[in-house]
Amino acid sequence: MKHVLSVKQFLDKDLLASLFSRADQFQAMPAAEYPKPLEHMTLATVFYEPSTRTRLSFETAIQNLGAHLVTVENAADNSSWKKGESIEDTAHMLNAYVEGIVMRHPEIGMPARAAAVSKVPVFNAGDGGGEHPTQALLDLYSIQRMKGKVDGLKIALVGDLAHSRTHHSLANILSIYDVELFLISPESLAMPEDVLANLTKQGVTFHILTSWDDVIGDLDVIYMNRVQKERFKLIEEYQALKGSFILTNEIANLMKKDAIILDPLPRIEEITVEVDSNPRAQYFQQAKNGLYLRMALLEYIYTS
Amino acid sequence: MKHVLSVKQFLDKDLLASLFSRADQFQAMPAAEYPKPLEHMTLATVFYEPSTRTRLSFETAIQNLGAHLVTVENAADNSSWKKGESIEDTAHMLNAYVEGIVMRHPEIGMPARAAAVSKVPVFNAGDGGGEHPTQALLDLYSIQRMKGKVDGLKIALVGDLAHSRTHHSLANILSIYDVELFLISPESLAMPEDVLANLTKQGVTFHILTSWDDVIGDLDVIYMNRVQKERFKLIEEYQALKGSFILTNEIANLMKKDAIILDPLPRIEEITVEVDSNPRAQYFQQAKNGLYLRMALLEYIYTS
Amino acid sequence: MKHVLSVKQFLDKDLLASLFSRADQFQAMPAAEYPKPLEHMTLATVFYEPSTRTRLSFETAIQNLGAHLVTVENAADNSSWKKGESIEDTAHMLNAYVEGIVMRHPEIGMPARAAAVSKVPVFNAGDGGGEHPTQALLDLYSIQRMKGKVDGLKIALVGDLAHSRTHHSLANILSIYDVELFLISPESLAMPEDVLANLTKQGVTFHILTSWDDVIGDLDVIYMNRVQKERFKLIEEYQALKGSFILTNEIANLMKKDAIILDPLPRIEEITVEVDSNPRAQYFQQAKNGLYLRMALLEYIYTS
Chain U
2 MKHVLSVKQF
12 LDKDLLASLF
22 SRADQFQAMP
32 AAEYPKPLEH
42 MTLATVFYEP
52 STRTRLSFET
62 AIQNLGAHLV
72 TVENAADNSS
82 WKKGESIEDT
92 AHMLNAYVEG
102 IVMRHPEIGM
112 PARAAAVSKV
122 PVFNAGDGGG
132 EHPTQALLDL
142 YSIQRMKGKV
152 DGLKIALVGD
162 LAHSRTHHSL
172 ANILSIYDVE
182 LFLISPESLA
192 MPEDVLANLT
202 KQGVTFHILT
212 SWDDVIGDLD
222 VIYMNRVQKE
232 RFKLIEEYQA
242 LKGSFILTNE
252 IANLMKKDAI
262 ILDPLPRIEE
272 ITVEVDSNPR
282 AQYFQQAKNG
292 LYLRMALLEY
302 IYTS
Chain Y
2 MKHVLSVKQF
12 LDKDLLASLF
22 SRADQFQAMP
32 AAEYPKPLEH
42 MTLATVFYEP
52 STRTRLSFET
62 AIQNLGAHLV
72 TVENAADNSS
82 WKKGESIEDT
92 AHMLNAYVEG
102 IVMRHPEIGM
112 PARAAAVSKV
122 PVFNAGDGGG
132 EHPTQALLDL
142 YSIQRMKGKV
152 DGLKIALVGD
162 LAHSRTHHSL
172 ANILSIYDVE
182 LFLISPESLA
192 MPEDVLANLT
202 KQGVTFHILT
212 SWDDVIGDLD
222 VIYMNRVQKE
232 RFKLIEEYQA
242 LKGSFILTNE
252 IANLMKKDAI
262 ILDPLPRIEE
272 ITVEVDSNPR
282 AQYFQQAKNG
292 LYLRMALLEY
302 IYTS
Chain V
2 MKHVLSVKQF
12 LDKDLLASLF
22 SRADQFQAMP
32 AAEYPKPLEH
42 MTLATVFYEP
52 STRTRLSFET
62 AIQNLGAHLV
72 TVENAADNSS
82 WKKGESIEDT
92 AHMLNAYVEG
102 IVMRHPEIGM
112 PARAAAVSKV
122 PVFNAGDGGG
132 EHPTQALLDL
142 YSIQRMKGKV
152 DGLKIALVGD
162 LAHSRTHHSL
172 ANILSIYDVE
182 LFLISPESLA
192 MPEDVLANLT
202 KQGVTFHILT
212 SWDDVIGDLD
222 VIYMNRVQKE
232 RFKLIEEYQA
242 LKGSFILTNE
252 IANLMKKDAI
262 ILDPLPRIEE
272 ITVEVDSNPR
282 AQYFQQAKNG
292 LYLRMALLEY
302 IYTS
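Residue numbers (my numbering), protein chains in the order written: chain U, 2 to 305; chain Y, 2 to 305; chain V, 2 to 305.
Note that these hints are calculated values from the structure, not bench results. If you're wondering where the values come from, they're calculated on a predicted model, not measured in any experiment. Mixed in with the good hints there might be a few duds.
Which copy is meant is left open, because identical chains are indistinguishable; a pair holds if it fits in one copy or across any two.
Heads up, simulated DSS-like pairs for lysine-lysine below, C-alpha to C-alpha not over 30 Å straight-line [unchecked claim]:
#1 K120 / K202
#2 K3 / K150
#3 K37 / K243
#4 K289 / K83
#5 K234 / K84
#6 K234 / K83
#7 K202 / K14
#8 K243 / K84
#9 K289 / K84
#10 K155 / K289
#11 K9 / K230
#12 K148 / K289
#13 K155 / K202
#14 K84 / K120
#15 K83 / K202
#16 K14 / K234
Just need the whole structure built from these sequences, with the hints factored in.
Shown next as structure tokens:
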């Protein structure tokens, strides 16, 4: 593996177990003891769409492992993309300076096109409606770390399942485990056919629901996500659906004592603020897990 | 002290003397000998409003003391703020990655709200019409360093005293010293009541003036500031008042030989360029003092 | 030499040979062995006009040589420039924090004005229609490195010779060598008189052509450049001329086997993508040469 473009590269329980175990080690390690496998390298973060969370997490991980950092915070406006340069040429150019490229792009497939011509690793940090593989990995890692296992869990994915890249990727990567999935959304925002087809093919038990009322007390994990305005063409459509599923403390307290609530963040209104102090709320710890997962992944790519 | 949010945290002459003495040491020290109290840490600068001066000064200080840096140059456009994330959630998120947050925001109170949920230090790098504590500290440090003392000085604050956060904070911190203040502005841009009330409470002698003619020759320090367009609602109002007080070389030469001229910068037209070579002009050295003061402050926060 | 503002500072074959030889050494050197002449320094990149290529190249070079980096990716919007601060004041301010300034600006002469008041080195990273000296140096270095010499070569400059800063600077620096130049453009985009006058004065043989047909097979180097939309006042004028000279593989194959094709990039449509795999295509290697040339230049400025 050279590039990190898709969760499909990670449908291997042994590989995942090894990455997660390494991420656990990083969590336990004093920062002074981090290894420096990226020493004497420079990595670039190039974001054609803003994502502070993903960018800062990668940038911290990159520097923790010893590399220098160069960054394009707003590549949509401040790069040659605007002058009409192809993504392939941008990749060639970056190859002239750096040993790795972390790329976020609003268009599906752009990181993959960059990777196709790149001699240095390209990390897909989200490509529009496409994939966000490190998010899926950190989500899965959070489940593994917090529940001690993945097999045997009852996991609900809730919200705008139609447009949420995060939900799609997580469903795909969960499909190699023995889990029971609850896909909960308004009818018009249901999980796409291709994701369902994959779950069926992998033999995953799943339930398509429009309410969590009957299952909330049985869940081990509930994975929320905001309804993303930027994925809608009509603002009216967004307004009508954005409040479909709101997790309040009242609802959270119906869950099992050791259930966990996850959310890729930013949280807009899908989880009320009062839930933050509920012991089941693990979304901020989930973000922290992302740092260590990315460190494990970077180390893996550059040393194996 | 964990966070740095307000000058009110620094109304302690001993603490100030100790910070200023440490800043003096940093000025005298070769860069190779800077201590590294922030080693193995990452700090984030997150600017919801541009401020090159404050940002670069903090970023240089942070790196001088051994930390890695991640930055959001334009958080207003390039962060989840735009997607509707609360400042508290942003703070939680940053806590997942970094050991300190330097935040500039156009709205009063945002750094304080971030600090309220942050386990890592939050530094207020300016919150709209609110505070800019490190600016006030470097201003006071500049007076102390250049005049050798603060007590006993005659200090004029000149310009738009109504809207200038910098003038308010400096007046507040000067109030614990035995100084004589001259508050010089057009009538409509006079110092707000709450600042005056504090000066009265602290027993500071102050004079409200609409002209500097009668006092210019007696001053030890004159502290200018631009009339800030962004603080006005009506452009006409701004146009009418922006040139109210312009310090020319002719006027500067009426000052005592050892008087000093300060300005938080950027300087727009409140001081003419010819003054730059006047030996009383100390505003560029004042900016440099900001670097060392911020180093002293960072070291203090992370080691005491 | 303290500042790097113009190719005119480099019209010295010995100096150039020494820089190029040092750049060659850097290319051959493992990154772990780079010297650190900039250790304990901080350098700033301040870009009033976007240029990912130039900025990331400088930033990698700066960090490779041991300095810390602070950056203003979008100084046009995120700096005090917008508040009306003069470039001289910005330079004074930067001098308070950093040991070097890399500046890109859309207006001619801005880096020179900054340099005039700066005690630390200022590097012109492109000033509008003015100069881009490190680009000219890396272009010349690429010719020297790839052809083993400069004297005796037949070199064509092709495209919008009227507006291309890159072409002007390269012509000026080539004028001290014994080269034969072919200046190929539509009539309305011909090389400006001042550049021609300099070539004449230096005794360079040059040919003004509106077609490459008669000379393509004789060239050692062809230097293409995109027609830059941002240099035109009328969009119609741009549209009419942008496709004037397009280098296809068919044309490239008319060139000598050991001829080289250069382009400062971004490449828009002046070279078709199929040419990338032609062994004559050296424009991506040319970008890489820029990194090592800038390292050599930075080292030279800070150690000699």
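Outcome of the hint check:
no. : hint        : verdict
1   : K120 / K202 : neither (35 Å within a copy, 45 Å between copies)
2   : K3 / K150   : within (28 Å within a copy, 38 Å between copies)
3   : K37 / K243  : neither (44 Å within a copy, 48 Å between copies)
4   : K289 / K83  : between (34 Å within a copy, 22 Å between copies)
5   : K234 / K84  : both (27 Å within a copy, 16 Å between copies)
6   : K234 / K83  : both (23 Å within a copy, 18 Å between copies)
7   : K202 / K14  : within (17 Å within a copy, 69 Å between copies)
8   : K243 / K84  : between (36 Å within a copy, 13 Å between copies)
9   : K289 / K84  : between (37 Å within a copy, 21 Å between copies)
10  : K155 / K289 : within (23 Å within a copy, 52 Å between copies)
11  : K9 / K230   : within (27 Å within a copy, 41 Å between copies)
12  : K148 / K289 : within (16 Å within a copy, 48 Å between copies)
13  : K155 / K202 : within (19 Å within a copy, 64 Å between copies)
14  : K84 / K120  : within (24 Å within a copy, 35 Å between copies)
15  : K83 / K202  : neither (42 Å within a copy, 39 Å between copies)
16  : K14 / K234  : neither (38 Å within a copy, 59 Å between copies)
Violation of the numbered hints given earlier is confined to hints 1, 3, 15 and 16; the remaining hints are satisfied by the structure.
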